[in-house]
Amino acid sequence: MSTQRPTAAAPALETRLAIYRTMAECRQFEARAQELFFEGLVRGTTHLGIGQEAVAAGVAAAMRTDDYTFCTYRGHNHTLARGVPMAPIFAELFGRGTGLLGGKGGSMHLTSVEHGVMGSYAIIGAHLPIALGAAWSAQYRKSGQVALCFFGDGTTNIGAFHEALNMAAVWKAPVVFVCENNQYMEYTPIGSVTAVPRPAADRASAYGLEPIVVDGNDPDAVYAIARTAIDRARAGDGPSLIEALTYRHGGHSRADPGKYRPDEEVKAWLARDPLPMYRARLLAEGASEVALAAIDDETRGSVAEAEQEARSAPEPSLDVLETQVWSDGGSAWRN
Amino acid sequence: MSTQRPTAAAPALETRLAIYRTMAECRQFEARAQELFFEGLVRGTTHLGIGQEAVAAGVAAAMRTDDYTFCTYRGHNHTLARGVPMAPIFAELFGRGTGLLGGKGGSMHLTSVEHGVMGSYAIIGAHLPIALGAAWSAQYRKSGQVALCFFGDGTTNIGAFHEALNMAAVWKAPVVFVCENNQYMEYTPIGSVTAVPRPAADRASAYGLEPIVVDGNDPDAVYAIARTAIDRARAGDGPSLIEALTYRHGGHSRADPGKYRPDEEVKAWLARDPLPMYRARLLAEGASEVALAAIDDETRGSVAEAEQEARSAPEPSLDVLETQVWSDGGSAWRN
Amino acid sequence: MAELTYRAAVAAGIAQEMDRDPSVVMIGEDIGAAGGVFKLTEGLFGRFGPERVRDTPISEQAIVGAAMGAAMTGLRPIAELMFSDFFAVTWDMVANQIAKSRYMTNGQVSIPLVLRTANGGGLRFGAQHSQSIENWAMAIPGLKVVAPSTPADVMGLMAAAIRDNDPVIFCEHKALLAIKGEVPTGEQFIPLGKAATVRPGSDCTVVAIAAMVPRALAAAERLQAEDGINAEVIDLRTLVPLDAQAILESVARTSRLFTVEENPRLCGWGAEIVSLVADEGFYSLDAPLVRITTPHIPLPSAAVLEDAAMPSVDRIADTIRRRLEAAR
Amino acid sequence: MAELTYRAAVAAGIAQEMDRDPSVVMIGEDIGAAGGVFKLTEGLFGRFGPERVRDTPISEQAIVGAAMGAAMTGLRPIAELMFSDFFAVTWDMVANQIAKSRYMTNGQVSIPLVLRTANGGGLRFGAQHSQSIENWAMAIPGLKVVAPSTPADVMGLMAAAIRDNDPVIFCEHKALLAIKGEVPTGEQFIPLGKAATVRPGSDCTVVAIAAMVPRALAAAERLQAEDGINAEVIDLRTLVPLDAQAILESVARTSRLFTVEENPRLCGWGAEIVSLVADEGFYSLDAPLVRITTPHIPLPSAAVLEDAAMPSVDRIADTIRRRLEAAR
Ligand SMILES: Cc1ncc(C[n+]2csc(CCOP(=O)(O)OP(=O)(O)O)c2C)c(N)n1
Ligand SMILES: Cc1ncc(C[n+]2csc(CCOP(=O)(O)OP(=O)(O)O)c2C)c(N)n1
Ligand SMILES: [Mg+2]
Ligand SMILES: [Mg+2]
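Residue numbers (the numbering used here), protein chains in the order written: chain A, 1 to 335; chain B, 1 to 335; chain C, 1 to 328; chain D, 1 to 328.
Note that these hints are calculated values from the structure, not bench results.
Take the hints with a grain of salt, since some may be wrong.
Unchecked claim - Result set (DSBU-like, lysine-lysine): computed pairs, CA atoms no more than 35 Å apart in a straight line:
1) K172(B) with K142(B)
2) K194(D) with K259(B)
3) K180(C) with K142(B)
As the list claims (entries may be wrong) - Here are the in silico distance ranges between beta carbons for each label pair:
4) A326(D) with D319(B): 21 to 27 Å
5) K267(B) with P22(D): 20 to 26 Å
6) Y260(A) with R141(B): 29 to 35 Å
7) P211(A) with E264(B): 36 to 42 Å
8) P257(B) with T185(D): 32 to 38 Å
9) R234(B) with E210(A): 54 to 60 Å
10) A304(A) with N165(D): 48 to 54 Å
11) E280(D) with E280(C): 48 to 54 Å
What the hints assert, rightly or not - A few chain A residues that face chain B, going by a derived Cβ cut-off under 8 Å, partial list only:
12) I158
13) F161
14) A195
15) V196
16) A206
17) S317
In this text, a Cβ means the ideal position worked out from N, Cα and C, and glycines have one as well.
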């Protein structure tokens, strides 16, 4: 893999432990969510990012608290990484009234404005222009905020990608586009539908940008690359396009077993599972087993607790059905 | 201008005279259309390609008679270049019943399927995927046809451009995309809204294609480049993206005087007017003044005759108003 | 007769036509070896090969645009839009190019294509994956619109849509994919533009399509059993062409009209039917014309909310009962 | 009082709000130094500068998407779609993202933006540059829809649209740009959702918007003069929110309803109005409800054809006369 090796030193141990905690939270939350989908408690659909946690965690650690996150239907990791509590996320997946979106949005639309999570978008490509718009707003308001926009490899072939990248570059908007190249658009290998080998990086020059490829299973590398791009954006030097190479361990969504993928490919990527890899590296580079085990245990506790809280939450009241279409809280379209 | 100098020898004199004739026809037809717009005879809108004739003429000369042309609202040149007679085009601009489209389409939608002109498209970007579809059809039918798709510099920033280029490259479709970079999207200089200096060529690598820039005011150069690209497409080697540098002498449309352009820029390009340049070159390289003057005169005659024919044509009958929505010739949506 | 699921009827209908006509080809996302995310094209890739069943990138404008270009030049493409909500991404191709090009060129161009799509709610997928977009298409001159409710109709109408020389939007309802129904043996073909009176009745006319048909039928049975109300239920099957005569003829007998729509309230296809009857059938009416619709809101994802939003058997029956009583 | 053109009222309305609130910004193609292709933003670039009046590439998805992102994060953007037909290119942003995000996030996100556009026919621009798309927007929950017919309404409703905390589709009618009208002095503001009864009458109610308002008025004058028919003409001004009471109240008096629509026939806003009245106003009706529309065809470009397609003063007057007679 010819990825950019971050030249910067590894982040401070504290940061790395925070990253590890985020990754553990993402992994455990999603593993449980999948079980609950098969139990029928999670309704509709879910798209898990198991295997891709290092991207969400590494980038989030490089963000300022008032920066914006725009992500996709595969957005549990990015939402959790910004500190959104688990219970309302579970509740949303269960379709409960205490859900993060009151049960109106579901798994694909997680949003927590108070945490800077400006939405999870479920129609491919749409959020790239929207993230650019938030960046434009920050630029106009001189707030110093940066918008982070996550999307998949398959998304690089849709028109909105092209329009957003060009306009962001022309406007020097403070937005960082992060392509999580997990090698597949749903069931189709990305290479079979894309004219270039690196769906994002090989397009960067079309927008006057540097090609950036990073090992998306290495959170330190992701952190370093993200830091550079975010600093650059905040300094007024315009957007970046990062391609992070990674892999989803499971299927695309719901009950998809992901059988369209060659066994050896899956095996090779599982051997590069970011969670144990990072844990081992941290141990080797000064973290204590006690500290890491504590994170693992605390996370297990939080996930279990959040699940219980969500399980015991009520169904949404039918009173909310017709609220929040308009800013007056209602949905009246006539007198 | 760092354009590709065609290595091939200049085309045969016969071909060059045909190209010159096409250019003369385009120029004279459009010059008259503009006058008639100001007289109020041409209704709605027109978008003239005066100054850009060498692209349409050079490419058309390199096409097989059963190849497809897809062009834009600025499509008079491309339509004429395929041999569509002038009278029905004038009649269409005048909104007459004998118009090429029976008065239903107008200047922006010139189409003559029998001449391979599969349409002029007026919403930016739409025809790139459509041309790709015709190429896919030719590929599937093994007909050996190639689709030629003309569009402007401004069109390179819309999503459909990106989608069409990628899919064409992946499918190795026999389509040649020709960007006529006339330096402006309507009233806005293309450089001010585009992240790269060459709006088409600098994007070619994003689709695994070679960057190709050609002097769009030199019909021989255009012919040579087009020939190579068309042969390549016909041979099954996939699409090309050609950027032809050129300039429209007048405004964007209708009565636009084009005042947003610096005087020296206009002057410099007028000095490179493809018509007199090519005429001079042909004279220098073996054509006779008599032959060229005959072309000029014959063209004047054809334009005048076509105008008269169109002028004396009747308004469309109201009987056609509700025909040709469906393939049964009618428009019934109910019983 | 064979029993088929609605899902299997989609692939069977396509296969019948691909067998018949080599100019029928398919493109879409994950439709090939994977058989589609809803398994609606399963088996077609194996049977007809990658040249006729082609996977695409996520490029809805290119998919639909390419289908148009191919249709203009001798093929009969079928393009799949994975969810009907994604029509919005390629609406220019559909509403401005495909629908208008024949007219704009005075008939020079024919565009025989089918845009198939998984339409409708009920699966808790939320507002961007649950819409019913038949009315979007119906509002655009130049598009035919099909929305079948049974496996037999899926097969027969699919054949008609593919053989039609005009563009057809073919809405396959997600919530019906698993239902089963009898399909006659042999070649299937049901002409576009013929409604089916799926329950004859005399007290009121109930017009529905797709997933609202079984609900309207269940409501009618309940009204018969509980209230002695004898409702006629018409499954339009296609919105364009519209079997206006079937509706007018029925209302002439029943004097009362209800439409049952899944789309949000405003400017739905029900408004078109009501308006038609309020003009041409006015003098046979003896009560208000009533549309039963989803409220004018995006569809929520939580089960209880989604169920409350869409017209349910309860709501259909209650509305009809209440409105007939009020009009007495 | 000052006399303004409809065209000048657009820029004046925007300028009033940009003066008032620095969070109001504009983006669009050629809107800056060039002042827009219809000269609708003339003077704004000079007055408010390139940071507040920004030219964009031809990237409607990015334009509208960026407006949404900015609206979610503290600005009040106004985005121009040069022709309303181009809404189709960015319909996902409008119908799926902008309209639904507030609801899907249970109110976390506010999207105070205005999408301005040159709408409607009559300029011989052909099928792809002449559409009236108010009904496209009306069909989508979460969008407000404004379609003014006078310079004063343009200014007042522009102010209301910009100050509104929800997304507003603001349709500026191409065929009205040159008309002149009195605009009161001082700050303009007309609340959304209030229809104007532009001609009181007692024999029938005629509902119109935008360019159909002057035609309906002219038809009403002719009917009065030639037939003694006293038609009431209502200019809805906004379709969402809809002043349903104004319509119902009028029909309660006149017992007869005509709608005059520029869009193609099926699923237009007129169908919504007719359906509303056919339900809630049924018992005050004594004649069929009649929609006067463009036929269900794309708009042709030739002058005689375009004029024949769109509802003309002649056709409006003739239809009303004929239908009132038939109902006698
Ligand atoms: C416009 C649009 N087309 C198709 C889909 C269906 N779809 C959902 S996810 C997906 C694959 C996306 O692939 P990628 O961008 O690589 O993201 P990943 O799922 O791998 O994270 C597709 C095709 C969609 N949501 N939106
Ligand atoms: C989707 C869309 N957006 C905007 C327009 C309006 N428009 C017509 S021509 C044009 C400029 C096109 O520039 P370019 O592609 O360079 O072609 P040129 O006119 O220079 O030939 C624009 C913006 C349109 N027709 N379609
Ligand atoms: Mg992927
Ligand atoms: Mg140009």
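(request) Go through the numbered hints given earlier and state which of them the structure violates, listing their numbers in rising order. (result) 2, 3, 5, 9, 10, 11, 17
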